[in-house]
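Note that the protein sequences, when read in sequence, are chains A and B.
For the record, in the first sequence the residue sitting at position 17 is 17 according to our numbering, with numbers rising by one throughout.
For the record, in the second sequence the residue sitting at position 80 is 80 according to our numbering, with numbers rising by one throughout.
Errors might be hidden in some of the hints.
Said to hold, decoys possible - As a list, the in silico DSS-like pairs of lysine-lysine whose alpha-carbon atoms are at most 25 Å apart: (1) K30(B) with K34(A); (2) K35(A) with K64(A); (3) K34(A) with K76(A); (4) K98(B) with K30(B); (5) K35(A) with K30(B); (6) K64(A) with K82(A).
As the list claims (entries may be wrong) - Example chain A residues on the side facing chain B (calculated, C-beta under 8 Å, incomplete): (7) L17; (8) T29; (9) R31; (10) L211; (11) V214; (12) R225; (13) L303; (14) G307; (15) M308.
Just so you know, these hints were derived from the structure itself, not from any lab.
From a predicted model like this one, the values you see are computed outputs, not experimental measurements.
Glycine included, every Cβ here is placed at the ideal spot set by N, Cα and C.
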Amino acid sequence: MRHLLSAGDLDVDSACLILDTAAQLAAITDRSVKKLPTLRGRTVVNLFFEDSTRTRISFEIAAKRLSADVINFAAKGSSVSKGESLKDTALTLEAMGADAVVIRHGSSGAPHRLATAGWIQGSVVNAGDGTHEHPTQALLDAFTIRHHLRDNAGDLAGVRVAIVGDILHSRVARSNVLLLRTLGAHVTVVAPPTLLPYGVGEWSCAVSYDLDEVLPHVDAVMMLRVQSERMLAAYFPSVNEYGRRYGLDTRRMGLLPAHAIVLHPGPMNRGMEISADVADGERAVMVEQVSNGVSIRMAVLYLLLGGMTDDVKKET
Amino acid sequence: MDSARSVVLDAGDIGRAIRRIAHEVVERNKGAADLILLGIPTRGVFLARRIAAAIESIEGGTVSVGALDVTLYRDDLRLRPTRALEPTAIPTDGIDDKVVVLIDDVLFSGRTVRSALDALNDIGRPRAVQLAALVDRGHRELPIRADYVGKNLPTALAEQVRVRLVEFDDFDEVTIEGGAR
Chain A
1 MRHLLSAGDL DVDSACLILD TAAQLAAITD RSVKKLPTLR GRTVVNLFFE DSTRTRISFE
61 IAAKRLSADV INFAAKGSSV SKGESLKDTA LTLEAMGADA VVIRHGSSGA PHRLATAGWI
121 QGSVVNAGDG THEHPTQALL DAFTIRHHLR DNAGDLAGVR VAIVGDILHS RVARSNVLLL
181 RTLGAHVTVV APPTLLPYGV GEWSCAVSYD LDEVLPHVDA VMMLRVQSER MLAAYFPSVN
241 EYGRRYGLDT RRMGLLPAHA IVLHPGPMNR GMEISADVAD GERAVMVEQV SNGVSIRMAV
301 LYLLLGGMTD DVKKET
Chain B
1 MDSARSVVLD AGDIGRAIRR IAHEVVERNK GAADLILLGI PTRGVFLARR IAAAIESIEG
61 GTVSVGALDV TLYRDDLRLR PTRALEPTAI PTDGIDDKVV VLIDDVLFSG RTVRSALDAL
121 NDIGRPRAVQ LAALVDRGHR ELPIRADYVG KNLPTALAEQ VRVRLVEFDD FDEVTIEGGA
181 R
């Protein structure tokens with residue numbers, strides 16, 4: 001594995017390897033010295049063209065716990081705001097010797113371009129591109145589900161997951177459908193027809209418009225934020241109506257099986273897709289998702305950078 | 001290949017070596033109090049469990065056993081493809097002020113043990129660290145010496161020492177393979 005661009009690039013074995021590695025790395029969080037020397041002397045650049053708090057901080061903590069040097073590059077306040085292209089930014093980072101570039105970009109496919117254009121030698125990790133993919137989020141969701149429902153081992157064969165909300169604009173949904181399917185789970189996406197992407201029938205998941213009908217048959221439900229900032233038109237009549245039909249409230253929690261868990265990739269809009277008492281309830285695992293995110297990103301950085309790389313192969 | 005393969009220790013020899021190491025650990029530490037046996041995966045963990053069982057049969061009581069994966073502390077990570085991690089299991093009381101006995105199957109360059117010492121440093125501050133190995137095959141590259149050795153085995157660098165344990169390989173055996181024998 002050289003880059004992590006899409007959850008679809010992972011087969012069962014490599015996905016399970018990442019989850020198993022993350023499970024071992026999670027133990028370090030309980031130690032007083034939360035630091036491993038593994039990536040000493042390697043440089044990880046966080047290249048963020050879009051706003052993000054938890055993903056950027058999560059990657060930063062993950063890299064620092066592995067002793068890598070971290071450089072945070074936000075588009076705001078950089079040469080990008082002066083009109084620099086992705087190519088020139090990439091060439092600059094390459095000249096500075098970045099071993100890995102973690103990129104978030106508003107345009108779908110930007111990480112793929114960065115990885116394949118030959119501008120940089122290092123590994124590229126997709127930290128969210130447009131409405132396309134967000135593979136580390138899918139991995140941490142799978143990790144969280146596996147931890148709760150499969151005792152932290154093996155794949156997710158037979159687990160039923162509903163992904164609810166703004167599927168159209170959600171890179172989290174795309175990556176999750178791909179990864180959960182690879183791991184053997186059954187996925188149902190639930191949304192109003194206007195918030196489902198064109199061609200969703202081709203996806204390897206079931207599609208439903210009716211949340212109440214789906215909830216009794218799932219082991220995990222993942223609520224997505226309605227991404228108003230990406231919406232140029234009205235996709236539903238009102239926030240209230242959306243909340244009534246697709247929001248997760250106490251009544252709908254009652255429809256879920258007793259063992260089912262609630263996930264949300266954050267940031268949450270309390271009162272819209274999820275009510276406050278559900279978000280603060282015992283079966284909501286959002287806080288765990290955040291700490292699992294650090295373990296998953298440590299695992300990804302270790303697996304990409306920890307072993308022999310091409311330049312070392314050439315030297316020896 | 002079969003002609004260049006000889007059995008150095010059979011199941012009986014391994015059992016006797018483990019019992020002797022257990023007696024030496026108890027003798028040297030004047031009992032089994034404050035003792036933690038940490039095996040280095042994969043086979044060191046099974047050896048640690050066997051030595052702990054042997055100590056328990058000598059001294060009574062229970063001996064803490066754990067596992068210490070040193071992969072993330074190795075100095076040769078960048079020379080090989082990425083390795084999968086093995087579990088690390090430290091007894092819940094921690095290792096502070098305890099006597100930690102590191103247990104590995106084969107002591108060779110000493111680099112694994114150096115990694116283990118670094119890993120211990122991040123976990124706590126033991127009162128003392130001792131080292132037990134089932135086989136010491138020489139060729140040290142670092143100033144490291146074992147406190148307890150099952151068998152000293154002079155080898156050529158080209159030879160391969162393989163330890164097989166019933167928990168992992170279905171039978172107990174130590175063999176020496178390859179080289180000009």
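Status of the hints after comparison with the structure:
With a C-alpha separation of about 34 Å, the suggested pair K30(B) and K34(A) falls outside the 25 Å cut-off, and the hint is violated. Of the pairs offered as hints, the one joining K35(A) and K64(A) holds, with about 8 Å between alpha carbons and a cut-off of 25 Å not exceeded. With a CA separation close to 31 Å, the supplied pair K34(A) and K76(A) exceeds the 25 Å bound. At roughly 14 Å between alpha-carbon atoms, K98(B) and K30(B) fall within 25 Å of each other, so this suggested pair holds.
Of the supplied pair hints, the one linking K35(A) and K30(B) is violated, its CA atoms being roughly 35 Å apart against a limit of 25 Å. Taking the CA atoms of K64(A) and K82(A), the gap is about 30 Å. The hint is violated against a cut of 25 Å. Annotation: interface hint on L17(A) holds; nearest CB of chain B at approximately 6 Å, less than 8 Å. With a cut of 8 Å, the hint placing T29(A) at the interface with chain B is violated, because the nearest CB-to-CB distance is about 13 Å.
Because the smallest distance between the Cβ of R31(A) and any Cβ of chain B comes to about 6 Å, under 8 Å, the interface hint for this residue holds. Contact between L211(A) and chain B, as hinted, is not supported at the beta carbon level, the nearest pair being about 39 Å apart and thus beyond 8 Å. Checking V214(A) against chain B by beta carbon gives a least distance of about 37 Å; that is not within 8 Å, so the hint is violated. A cut of 8 Å between beta carbons decides the hint on R225(A): the least distance to chain B is about 33 Å, and the hint is violated.
Given the 8 Å rule on beta carbons, the hint for L303(A) holds: about 5 Å separates it from the nearest Cβ of chain B. Against a cut-off of 8 Å between C-beta atoms, the interface hint on G307(A) holds, since the closest Cβ of chain B lies about 3 Å away. Hint status for M308(A) relative to chain B: holds, with the closest Cβ pair at about 5 Å, below 8 Å.
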